[in-house]
Amino acid sequence: MRSNHPESIRLYNLKVECTNLMKQLKYEKNEDKKNELEAKLDQVEAQIDMIYDAREGEAHIKWLLSEFGEDVFPDRD
1 MRSNHPESIR LYNLKVECTN LMKQLKYEKN EDKKNELEAK LDQVEAQIDM IYDAREGEAH
61 IKWLLSEFGE DVFPDRD
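Residue numbers (our numbering): 1 to 77.
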């Protein structure tokens, strides 16, 4: 079951786009078009990585808060 959360939908769409680009790249003969597809694929993969990094960071913050409470970031007076 997929989530209807906008970020999950965006991630799913990016993964589909990545798969489609890989298929196109596999069969492309024109070198210029191939380079263009590779550039698009790199951009899509970077966006996917950014989403996963954001999720990982959010999970880490939630873990810190659960372990140490609101005093995770103490005042520096």
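Keep in mind the hints are simulated off the structure, nothing from the lab. A portion of the hints provided could be inaccurate.
Stated by the list, open to error - Below, in silico cross-link-like pairs of lysine-lysine (BS3-like), each with a Cα-Cα straight-line distance of 30 Å or less:
{"no.": "1", "residue 1": "Lys-62", "residue 2": "Lys-40"}
{"no.": "2", "residue 1": "Lys-34", "residue 2": "Lys-23"}
{"no.": "3", "residue 1": "Lys-15", "residue 2": "Lys-40"}
{"no.": "4", "residue 1": "Lys-29", "residue 2": "Lys-15"}
{"no.": "5", "residue 1": "Lys-15", "residue 2": "Lys-26"}
{"no.": "6", "residue 1": "Lys-23", "residue 2": "Lys-33"}
{"no.": "7", "residue 1": "Lys-62", "residue 2": "Lys-34"}
{"no.": "8", "residue 1": "Lys-33", "residue 2": "Lys-15"}
{"no.": "9", "residue 1": "Lys-15", "residue 2": "Lys-62"}
{"no.": "10", "residue 1": "Lys-40", "residue 2": "Lys-29"}
{"no.": "11", "residue 1": "Lys-34", "residue 2": "Lys-15"}
All figures in this text were calculated on a predicted structure; none of them were measured in a lab.
How the hints compare with the structure:
Among the hinted pairs, Lys-62 with Lys-40 is inconsistent with the structure: their alpha-carbon atoms are about 33 Å apart, more than 30 Å. Of the supplied pair hints, the one linking Lys-34 and Lys-23 holds, its CA atoms being roughly 11 Å apart against a limit of 30 Å. With a C-alpha separation of about 13 Å, the suggested pair Lys-15 and Lys-40 falls inside the 30 Å cut-off, and the hint holds. Taking the CA atoms of Lys-29 and Lys-15, the gap is near 23 Å; set against the 30 Å cutoff, the hint holds.
Restraint check: the Cα-Cα separation between Lys-15 and Lys-26 comes to about 17 Å, which is no more than 30 Å; the hinted pair holds. Restraint check: the Cα-Cα separation between Lys-23 and Lys-33 comes to about 13 Å, which is no more than 30 Å; the hinted pair holds. For the hint pairing Lys-62 with Lys-34, the CA-to-CA distance comes to about 42 Å; that exceeds 30 Å, so the pair is violated. Taking the CA atoms of Lys-33 and Lys-15, the gap is about 21 Å. The hint holds against a cut of 30 Å.
Restraint check for Lys-15 and Lys-62: satisfied, since their Cα atoms lie roughly 26 Å apart, inside the 30 Å limit. The suggested pairing of Lys-40 with Lys-29 holds, with an alpha-carbon distance near 17 Å, which does not exceed 30 Å. Under the criterion of a C-alpha separation no larger than 30 Å, the hint pairing Lys-34 with Lys-15 is consistent with the structure, at around 19 Å.
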